[in-house]
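**Q** Position chain B relative to chain A; hints supplied.
There are 2 protein chains.
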Amino acid sequence: MASQEVPPRLMRAIEVNLVESTESVLANGFSRIQAEVDDAFDAFLPVPEDTRARLVEAMRYAAIGGGKRVRPLLVAATADLFGVDRHAAVRAGCAVESIHVYSLIHDDLPCMDDDDLRHGKPTLHKAFDEATAVLAGDSLHALAFEILSDHATSSDPFTRSELIATLAGASGMNGMAGGQMMDIAADEQEYDLHSITRLQQLKTGALLAASVEMGAVLGKVPVEGRAHLRAYARDIGLAFQIADDLLDHEGDESKAGKALRKDDEQGKQTFVTLMGPDGARDQARALVEQAVGHLSQHGKEAALLSELARFIVERDR
Amino acid sequence: MASQEVPPRLMRAIEVNLVESTESVLANGFSRIQAEVDDAFDAFLPVPEDTRARLVEAMRYAAIGGGKRVRPLLVAATADLFGVDRHAAVRAGCAVESIHVYSLIHDDLPCMDDDDLRHGKPTLHKAFDEATAVLAGDSLHALAFEILSDHATSSDPFTRSELIATLAGASGMNGMAGGQMMDIAADEQEYDLHSITRLQQLKTGALLAASVEMGAVLGKVPVEGRAHLRAYARDIGLAFQIADDLLDHEGDESKAGKALRKDDEQGKQTFVTLMGPDGARDQARALVEQAVGHLSQHGKEAALLSELARFIVERDR
Numbered sequence: 009m010a011s012q013e014v015p016p017r018l019m020r021a022i023e024v025n026l027v028e029s030t031e032s033v034l035a036n037g038f039s040r041i042q043a044e045v046d047d048a049f050d051a052f053l054p055v056p057e058d059t060r061a062r063l064v065e066a067m068r069y070a071a072i073g074g075g076k077r078v079r080p081l082l083v084a085a086t087a088d089l090f091g092v093d094r095h096a097a098v099r100a101g102c103a104v105e106s107i108h109v110y111s112l113i114h115d116d117l118p119c120m121d122d123d124d125l126r127h128g129k130p131t132l133h134k135a136f137d138e139a140t141a142v143l144a145g146d147s148l149h150a151l152a153f154e155i156l157s158d159h160a161t162s163s164d165p166f167t168r169s170e171l172i173a174t175l176a177g178a179s180g181m182n183g184m185a186g187g188q189m190m191d192i193a194a195d196e197q198e199y200d201l202h203s204i205t206r207l208q209q210l211k212t213g214a215l216l217a218a219s220v221e222m223g224a225v226l227g228k229v230p231v232e233g234r235a236h237l238r239a240y241a242r243d244i245g246l247a248f249q250i251a252d253d254l255l256d257h258e259g260d261e262s263k264a265g266k267a268l269r270k271d272d273e274q275g276k277q278t279f280v281t282l283m284g285p286d287g288a289r290d291q292a293r294a295l296v297e298q299a300v301g302h303l304s305q306h307g308k309e310a311a312l313l314s315e316l317a318r319f320i321v322e323r324d325r
Numbered sequence: 009m010a011s012q013e014v015p016p017r018l019m020r021a022i023e024v025n026l027v028e029s030t031e032s033v034l035a036n037g038f039s040r041i042q043a044e045v046d047d048a049f050d051a052f053l054p055v056p057e058d059t060r061a062r063l064v065e066a067m068r069y070a071a072i073g074g075g076k077r078v079r080p081l082l083v084a085a086t087a088d089l090f091g092v093d094r095h096a097a098v099r100a101g102c103a104v105e106s107i108h109v110y111s112l113i114h115d116d117l118p119c120m121d122d123d124d125l126r127h128g129k130p131t132l133h134k135a136f137d138e139a140t141a142v143l144a145g146d147s148l149h150a151l152a153f154e155i156l157s158d159h160a161t162s163s164d165p166f167t168r169s170e171l172i173a174t175l176a177g178a179s180g181m182n183g184m185a186g187g188q189m190m191d192i193a194a195d196e197q198e199y200d201l202h203s204i205t206r207l208q209q210l211k212t213g214a215l216l217a218a219s220v221e222m223g224a225v226l227g228k229v230p231v232e233g234r235a236h237l238r239a240y241a242r243d244i245g246l247a248f249q250i251a252d253d254l255l256d257h258e259g260d261e262s263k264a265g266k267a268l269r270k271d272d273e274q275g276k277q278t279f280v281t282l283m284g285p286d287g288a289r290d291q292a293r294a295l296v297e298q299a300v301g302h303l304s305q306h307g308k309e310a311a312l313l314s315e316l317a318r319f320i321v322e323r324d325r
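Sequence lines, in order, name chains A and B.
Following the working numbering, the numbering of the first sequence begins with 9 at its first residue and continues without gaps.
Following the working numbering, the numbering of the second sequence begins with 9 at its first residue and continues without gaps.
These are calculated hints, taken from the structure and not from any lab test.
All clues stand as given, with none of them false.
Here are some of the chain B residues that sit facing chain A, going by a computed Cβ distance under 7 Å: (1) PHE153; (2) PRO165; (3) MET189.
Here a beta-carbon is modelled for each residue, glycine too, at the ideal position from N, C-alpha and C.
The following block holds chain A by itself, in its conformation from the complex (with noise of 0.2 Å):
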């Protein structure tokens, strides 16, 4: 029987390799959903007949054609490793991108960090005005869960409301939402290490967070078989955080698509400042392969996962 067993380590390598010569696939599979997710946004917002065009234009603006899709990728490569059927999970991953694109046109708007441009294009306030932009944004949050609480997402009435009840508490105060207030605050306060991990696990962490979660809701994952992914989601949403701060101190405007240095121009503190660049892109790497590790039950199913952690710290947008 012993015999029969490959060490850790050796399991490690083979996966590794197994996702090193599956890269292209995955490249494929990722540019597949996100494909998908343009497809399934276009279907949700018909632009109507009447003066509402104008809202549902603006919605369309900043929900097709942009951003990475990371979210709709965790959500799918989640889904993907209990089965999930493909288009239940492109359906709850347009979800949580909805939530993420209204969090990022008011974050844009004058009042609160007055962005002109966002994913190489005009924000959406510039492109539109600044009532359109609130608006907008507001109807994303609400398709969202129209999104969810349709029987298109899932047939199962416990799913659907465990996938609202996941969203919703990602979103509002006790997560994203929160997580921004806190960064208001972060004007006025002086954070150290431990707040500045607990803002941006509210601020980003807990909709990626959410992502994954949503994935194993869709694959009828119990809660107590989750603890993996949960840690799997919680190394990944700081990676992203500090691969973001990595971004905003070192990147490529061109590339980015956005504003950079902001962070710096604020005088903010981030895990750049408090680990300076060299610790923080360490720190993101060992994030990485630990999360990775926390997958390995999974074997090579799990090459999506493993490799959209890669992805998230390796970005240049």
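**A** The following block gives chain B in isolation, referenced to the frame of chain A:
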């Protein structure tokens, strides 16, 4: 058999008398539910001991102790017809109210209606700041779905999911937010009575209709048994908006607790400009009587809903 039947006209007279004779009880019923809504929001919004405190204080400022609570009253009064547990009805009512309150916060922003006064006190962005107002609105939006997806609202996941589908559909681009967009476009568009009716059905009517519908959902009333409730909701929705236009035209600012005469100043088409004040008043009252008529099958059980219909047009704020 026929001699035992009460003629419909007499039945109506009996009902009206019943409503009148129980008015004080009903008034107590209203204020009891209003107090329960405040208590529920107080419990939903504990102030955290970190820099999110300001966000939650802002949510409390907007959500507690203001407003007529028409939407929670509609949920509770409808749910009452079907013997729904009051606790569940108040929770669902708070979810609708959360959406309503967030929409008022965002509506009051400088880039939208730019209002300084709401419920007799400074609007949220005046009392706090614009960024906090955007985030508090967003957080109340999420709170609505946190409340509805919680087992405490209903132990039946199908009911939870149906409540959410109803509320999300009524809030977004095909409901409230869509109506607000039409309202903004009204500055550049000459709307006729048909268009104004459509606009108001979305902007105000959708959420009022959702409130009644959610009461029916909690009562597990099958869709085919809701036609009369939907007819009631449609009529009071329109009556509500006509009353609102009348209030804007001839109300008392100190009672209303907000700026009035805005439609007149902006030269906006409203039910009052299109029908004249007297025509509008007659129309509102006729709609209320028609609404109450739809409830006849419930007899005196519908006293609270009937009284609510009258309250909606006779209010001075």
